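Engineer: In case you want the letters, here they are:
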Amino acid sequence: MSTVIKSQTDVAKVRSAQPNPRRDLSDKAIRNIFIFPTLVLLIAINVFPLVYSLYLSFTNYSAIANKQPVWVGFENFGRVLSDERMWEIFSTTGQYVLFSVALQLILGFALAMLVRDKFFGSGLVTTLILVPMMLSPVVVGLFWKLMYNPTFGYVNYLLGFSNPSLAPDWLASRWAGDPTPGLALWAVIIVDVWMWTPFVMLLILSGLKAIPDYLYEAAAIDRASAWFQFWRITLPQVTPLMMIAILFRTIEAFNKSFDLVMGMTGGGPGTQTEVVAVTLYKQAFQGQWQTGRASALAYMVLIIIIAISNLYIRNLNRMKEGA
Amino acid sequence: MSDVTLKHITKRFRDVTALRDVSFEIADGEFFVLLGQTGAGKTTTLRVIAGLEQHDEGQLLFDGELVDNLTPADRDVAFVFQQYSLYPTMSVYDNLAFPLRSPMRKTPEAEIRQRVQSAAETLRINHLLDRKTAHLSGGEMQRVSIGRAIVREPRIYLMDEPLSNLDAKLREALRVELQHLQKTQGSTTLFVTHDQVEALTMADRIGVLDQGQLVQVGSPDDIYDRPATTFVAQLVGTPGINLLPANRQNGSLIVKDSSIQLPKQSGSDNVPADFILGVRPEDVQPSPNGNFAGEVRLIEPLGVETILHIKSGQQSLLSIVTGMASWTIGEPVRFNIAGDRVHYFANDGKRVS
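Those protein sequences? They're chains A and B, same order as listed.
At position 66 of the first sequence the residue is numbered 57 (the working numbering), and the sequence of numbers has no breaks.
So the number in the working numbering is just where the residue sits in the second sequence, counting from 1, plus 192.
Bear in mind the hints are in silico, worked out from the structure with no lab data behind them.
Where hints are given, some of them may not hold.
Stated by the list, open to error - Residues of chain A clear of chain B, computed beta-carbon distances all greater than 12 angstroms:
id	residue
1	Arg22
2	Met125
3	Phe134
4	Glu243
5	Gln279
6	Trp280
Claimed, not checked - Heads up, simulated DSBU-like pairs for lysine-lysine below, C-alpha to C-alpha not over 35 angstroms straight-line:
id	chain 1	residue 1	chain 2	residue 2
7	B	Lys324	A	Lys200
8	B	Lys448	B	Lys503
9	B	Lys324	B	Lys361
10	A	Lys200	B	Lys298
11	A	Lys273	A	Lys58
12	B	Lys375	B	Lys324
13	A	Lys109	B	Lys324
14	B	Lys542	B	Lys456
15	B	Lys361	B	Lys298
16	A	Lys247	A	Lys109
17	B	Lys542	A	Lys109
18	A	Lys19	A	Lys109
None of the values given here were measured: they were computed from a predicted structure.
Quick reminder that beta carbons are idealized off the backbone N, C-alpha and C, glycines included.
Excised from the complex, chain A in its bound form (with noise of 0.2 angstroms):
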């Protein structure tokens, strides 16, 4: 040959001289072509919404008034923060969120613990266990409203109440036909511990699986009790990904109740159950159809979200440093 070959531009030159039409595209083009198509569905179902409904949120706009969006400023922010029914409803997703995390974090890690070693049938008995995660959350709420029912319900069966007259109903807040209020968040916070604990299992199980057996072996000859070891060795190499599991687990009861409470409860009775995120939905898709002051409520909510995911990875990371 008597060209010289100088760099790689020109050994692509030389290739596509060949005639072979598969190679008519440079590399740059195909991974563009792949690349567009992705981007522009991101931004119009991702991206686009966000921005749009953060501009939304500073207007009056209904999504059914067929009028146009008109700028009202802070004033959706300013209702939302006066309102007092809002701090009701933020003091029970803050109950919601608390008791079901603090609850499955308990259970989880004692689940943990048990499956921990091996035994026979441990594999099937941890895959059973981490049946209720895979389910549909609205099927779960609908299979447990069927349980809770006072009359033919499962739970109170269970429980040992046979005449329903004087049994709880559980999704009505009443004990024996008296109103008990507490009742029926409690009963959907069950099911939401009821669904998520393996969750956490899997994670905690996943951090006791990677402590190395010879540091329970040192304890041992070092004399250390159970309960020494469990709080200076266990404990301490789970933290980390029990951190993770709490932050998750937070960020989804906070948003994901959703699809639980709507199934159970509708938010009801009254608004005993009614977390924000019922709230939300109820302002944006009910009713006056208040899409802007929804939108508004939405931020506020994500700036909640940010702000407790911060602190959490913050602290995550100070401990990561530490140990």
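Got chain A; can you put chain B on it based on the hints?
Structural biologist: Frame of chain A, contents of chain B only:
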């Protein structure tokens, strides 16, 4: 400190027999080294003594008392693990104080402080006391791990290849320190290693394990100069011993397929007609008018000494000479064998004397 006796210990893992009828004693204040290759059962022996594994047969005695049924905590041993096994979330100080803080000991905090300080001084880690263990180097971690053993006074120190994860320089330094520590404290120590240099330099006595069986117990001199089997002979000494097939004719010892022929030796009367002749490389010495002829095949200069690979007939021999030698490959060489220092083994590998 205590003496430890193992009587006919057998340990099986499902269908694998890890230890087969192992018996030996460690005297009070003795530095005993278990030497063997990977999988020989060294670590299993340690774990059985510590109580981390339960043996299937035999008896284990501390100071003449049976300890078979005691938990690791009650046996009161100190274990230095190969992987350091420091508690990762604690500082060096807390790691060292950990065994003393056990609820079973109830050591007052002032005494803990004093003991940790003195252990840290011995191992030269006092500047590290406030550090978290994750930020330590391998050598520092192993020091802390040894420190955790010496803060208390256990009945015996069990050390599971504590130096094998360290680089060569550090290993040498820590080896000397360990030896010094053991001699000054007079502590009973069982040290496991696959490194024959560690065994020969540190041990009062060595036990050689092969496939779960104790092949030989003896002083470093015994092991090196009177190896019980060809396995032990090969295990100790670098470069390895020359093992040459030989036979005996009219009293003289003839190495097969070579010109090597030794006259009748004083200890060779019981040697069978067919046997294996063991010659340490240092007993093969080139000499201008040596008795045997060969050819230099390879030269490995190590500075202090040089290893010569000599081919004589069909047999290859290693020879070790001091300093840097000026041989060239392919050069004919004459050499002598120190006939009074050779070893005789039967064809099944057992020593004949």
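Engineer: Against the earlier hints, flag every one the structure doesn't satisfy and list their numbers going up.
Structural biologist: 15, 17, 18
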